[in-house]
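S.K.: Sequence order for the protein chains is A and B. The first sequence begins at 1 in the numbering used here and counts up one residue at a time. The second sequence begins at 275 in the numbering used here and counts up one residue at a time.
Hints are computed from structural coordinates only; laboratory data are not their basis. None of the values given here were measured: they were computed from a predicted structure. For every residue, glycine included, the Cβ atom is placed at its ideal position computed from N, Cα and C. Just to be clear, a hint being listed does not mean it is correct.
Label-pair distances were calculated between CB atoms; the ranges are [unchecked claim]:
#1 A/L102 / B/L371: 40 to 48 Å
#2 B/P308 / A/S257: 46 to 54 Å
#3 B/E456 / A/H250: 46 to 54 Å
#4 A/M4 / B/H524: 52 to 60 Å
#5 B/K473 / A/R86: 26 to 34 Å
#6 B/M547 / A/K199: 15 to 23 Å
#7 A/I161 / B/T375: 17 to 25 Å
#8 B/M547 / A/L214: 32 to 40 Å
#9 A/T262 / B/E418: 45 to 53 Å
#10 B/D528 / A/T262: 16 to 24 Å
#11 B/E456 / A/M4: 43 to 51 Å
#12 B/D311 / A/E144: 44 to 52 Å
#13 B/T370 / A/Q142: 26 to 34 Å
#14 A/I161 / B/P463: 51 to 59 Å
A few chain B positions that, by computed beta-carbon distances, are all more than 12 Å from chain A [unchecked claim]:
#15 A301
#16 K409
#17 K412
#18 Q416
Number of protein chains: 2
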Amino acid sequence: MIMMQVAFQGERGAYSEAAALEYFGQAIEPVPCPSFDEVFAQVESGAVDRGIVPVENSLGGSIHRNYDLFMRHQLHLVGEKIHRVRHCLIGLPGATLDDITLVRSHPQALAQCEHYIDRRGLRCEVVYDTAGAVKMLKDSGQREHAAIASRRAAEVYEMQILEAGIEDDEANYTRFVVLAREPIVPQSPAKTSIVFTLKNQPGALFKALSVFALRDLDLTKIESRPLAGTPWDYLFYLDFSGSVTDEVSHRALDHLSEYATTLRVLGSYSRDMQ
Amino acid sequence: MIMMQVAFQGERGAYSEAAALEYFGQAIEPVPCPSFDEVFAQVESGAVDRGIVPVENSLGGSIHRNYDLFMRHQLHLVGEKIHRVRHCLIGLPGATLDDITLVRSHPQALAQCEHYIDRRGLRCEVVYDTAGAVKMLKDSGQREHAAIASRRAAEVYEMQILEAGIEDDEANYTRFVVLAREPIVPQSPAKTSIVFTLKNQPGALFKALSVFALRDLDLTKIESRPLAGTPWDYLFYLDFSGSVTDEVSHRALDHLSEYATTLRVLGSYSRDMQ
Numbered sequence: 001m002i003m004m005q006v007a008f009q010g011e012r013g014a015y016s017e018a019a020a021l022e023y024f025g026q027a028i029e030p031v032p033c034p035s036f037d038e039v040f041a042q043v044e045s046g047a048v049d050r051g052i053v054p055v056e057n058s059l060g061g062s063i064h065r066n067y068d069l070f071m072r073h074q075l076h077l078v079g080e081k082i083h084r085v086r087h088c089l090i091g092l093p094g095a096t097l098d099d100i101t102l103v104r105s106h107p108q109a110l111a112q113c114e115h116y117i118d119r120r121g122l123r124c125e126v127v128y129d130t131a132g133a134v135k136m137l138k139d140s141g142q143r144e145h146a147a148i149a150s151r152r153a154a155e156v157y158e159m160q161i162l163e164a165g166i167e168d169d170e171a172n173y174t175r176f177v178v179l180a181r182e183p184i185v186p187q188s189p190a191k192t193s194i195v196f197t198l199k200n201q202p203g204a205l206f207k208a209l210s211v212f213a214l215r216d217l218d219l220t221k222i223e224s225r226p227l228a229g230t231p232w233d234y235l236f237y238l239d240f241s242g243s244v245t246d247e248v249s250h251r252a253l254d255h256l257s258e259y260a261t262t263l264r265v266l267g268s269y270s271r272d273m274q
Numbered sequence: 275m276i277m278m279q280v281a282f283q284g285e286r287g288a289y290s291e292a293a294a295l296e297y298f299g300q301a302i303e304p305v306p307c308p309s310f311d312e313v314f315a316q317v318e319s320g321a322v323d324r325g326i327v328p329v330e331n332s333l334g335g336s337i338h339r340n341y342d343l344f345m346r347h348q349l350h351l352v353g354e355k356i357h358r359v360r361h362c363l364i365g366l367p368g369a370t371l372d373d374i375t376l377v378r379s380h381p382q383a384l385a386q387c388e389h390y391i392d393r394r395g396l397r398c399e400v401v402y403d404t405a406g407a408v409k410m411l412k413d414s415g416q417r418e419h420a421a422i423a424s425r426r427a428a429e430v431y432e433m434q435i436l437e438a439g440i441e442d443d444e445a446n447y448t449r450f451v452v453l454a455r456e457p458i459v460p461q462s463p464a465k466t467s468i469v470f471t472l473k474n475q476p477g478a479l480f481k482a483l484s485v486f487a488l489r490d491l492d493l494t495k496i497e498s499r500p501l502a503g504t505p506w507d508y509l510f511y512l513d514f515s516g517s518v519t520d521e522v523s524h525r526a527l528d529h530l531s532e533y534a535t536t537l538r539v540l541g542s543y544s545r546d547m548q
């Protein structure tokens, strides 16, 4: 059986890998990449079939860097997965909570467990990958060291979960999107993600949104972002319910192109109904 | 002379303090606080005159946690400052770049200097405050240790800047807002920040934006945020050009209250024209 190859950023056991397995099921070959740029490059070159990257988090907001990568690459968004982030404190097999004095993880994960780490009085060391911290723990063999990472990372490296759900805020969700070289015809309910720019004039956004309102197309995300270098111009991220393969969505986008100075359709995909 | 007291999160020399000094000039007494919650609490209780907190970053997006604190406290937004984040590698006086093997900073700052740190092959340790890392460096007296923090932090603790501008991405701006117990009458050009919720139905946002478009009020920010626990409802952050002390803005908000299920005016303030 030839398995679909899916690129993600990080080591085996990263949150992106966990999201990929949730989305595709077990019948894929996850391909670790050192950076998000590399995920896009691997999909674009055909080295892998799909990529998966995070685009927003319920606490931290939109990850503008990954939207920027979308704009630099000619890829299509073909799926989404909303993944609950549950951080685990992971130690060597046989270690106990009281053994631990030092914890390693990605800066974001450490930031999201700040109160827990404070309460336990642990020292922190940064590594640029949650799963990489677990791998490092395994290699070091030090009982007093721990890592913060996903349950999956503990499984991959056969380490022990000392405590699960140590994030300070439980409402911690990350939205991942799936990338491919070719667009798909999504099943309904579908969603379409676009990025566009408008002239900076009163009412410009109102006109832009009229193309959806006049056709009863619901919006599921809208966000303005100041354009670097041109402080009075804005880029907009917008998701709406519908697929570009529907006549009505197609017409709405055609209408939008009358107002937008640039318009890029990132892709249409089945909505994660979680 | 009695100086205005301004609360900020972090130790003396934090980026928030630098933003406060840029906004108010030198004639204030900055008051360090251990958390953002504490900044809001200090302003609310009257212990200080003003507070300053970050609400969005050009790379990381909106800081939802601080918007949440706005919703929990009865304070007014009375100013904004857009601050360019320039990270410095800071060592002991007399230390050289080649001496450094370990660097300490806040997780976000370490994440924003990832490539630089990688290139120099430095070990990283997390502390929950950039300026706190500089203070720790001073106390330790270790030549091979460094901190990543603002230029101001190096000045406050009389440490040496080994390299300035080490952030991976130069387009790194943070927008800070100023909090007070009472609203102000802003000078023009003014800006007003609001938070509102809408019923989840097609065209709801379009109707909401009509109240601004029909009155030629320009939008400078809009962002939807899924409401935790009610996955189909949305909260919106919106900034528009105008002040609630103007008749036209007042009417627009009155009109918006016909559509919005909740509406909260965070405040009107002079726009940072940087």
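S.K.: With reference to the structure, classify each hint as holding or not holding.
M.R.: Each hint, compared with the structure:
Between A/L102 and B/L371, the C-beta spacing of about 27 Å breaks the proposed range 40 to 48 Å. In this structure the hint that B/P308 and A/S257 lie 46 to 54 Å apart at CB holds, the actual value being about 51 Å. Taking the beta carbon of each, B/E456 and A/H250 are about 52 Å apart, inside 46 to 54 Å as hinted. Under the hint 52 to 60 Å, the C-beta atoms of A/M4 and B/H524, about 57 Å apart, fit the expected range.
Hint check: B/K473 to A/R86, Cβ distance near 32 Å, so the stated range 26 to 34 Å holds. For B/M547 paired with A/K199, a C-beta distance near 20 Å keeps the hint of 15 to 23 Å intact. For the pair A/I161 and B/T375, the beta carbons lie near 32 Å from each other, so the given range of 17 to 25 Å is not met. At about 36 Å, the beta-carbon gap between B/M547 and A/L214 stays in the expected band of 32 to 40 Å.
Between A/T262 and B/E418 the Cβ separation comes to about 49 Å, which falls inside the hinted range of 45 to 53 Å. Distance hint for B/D528 and A/T262: a CB-CB separation of about 35 Å, inconsistent with the stated range 16 to 24 Å. Taking the beta carbon of each, B/E456 and A/M4 are about 60 Å apart, not inside 43 to 51 Å as hinted. One distance hint, 44 to 52 Å for the beta-carbon pair B/D311 and A/E144, is violated here, with the actual separation near 32 Å.
Between B/T370 and A/Q142 the Cβ separation comes to about 32 Å, which falls inside the hinted range of 26 to 34 Å. A hinted range of 51 to 59 Å for the beta carbons of A/I161 and B/P463 is consistent with their spacing of about 54 Å. Its beta-carbon lying about 28 Å from the closest one in chain A, B/A301 satisfies the requirement of being farther than 12 Å from that chain. Residue-level check passed: B/K409 sits 17 Å from the nearest beta carbon of chain A, beyond 12 Å.
Every CB of chain A lies more than 12 Å from the CB of B/K412, the least distance being 19 Å, so the non-interface label holds. With 12 Å as the threshold on Cβ separation, the claim that B/Q416 sits away from chain A holds: the shortest Cβ distance comes to roughly 15 Å.
The structure fails to meet hints 1, 7, 10, 11 and 12 from the earlier list, while all remaining hints are met.
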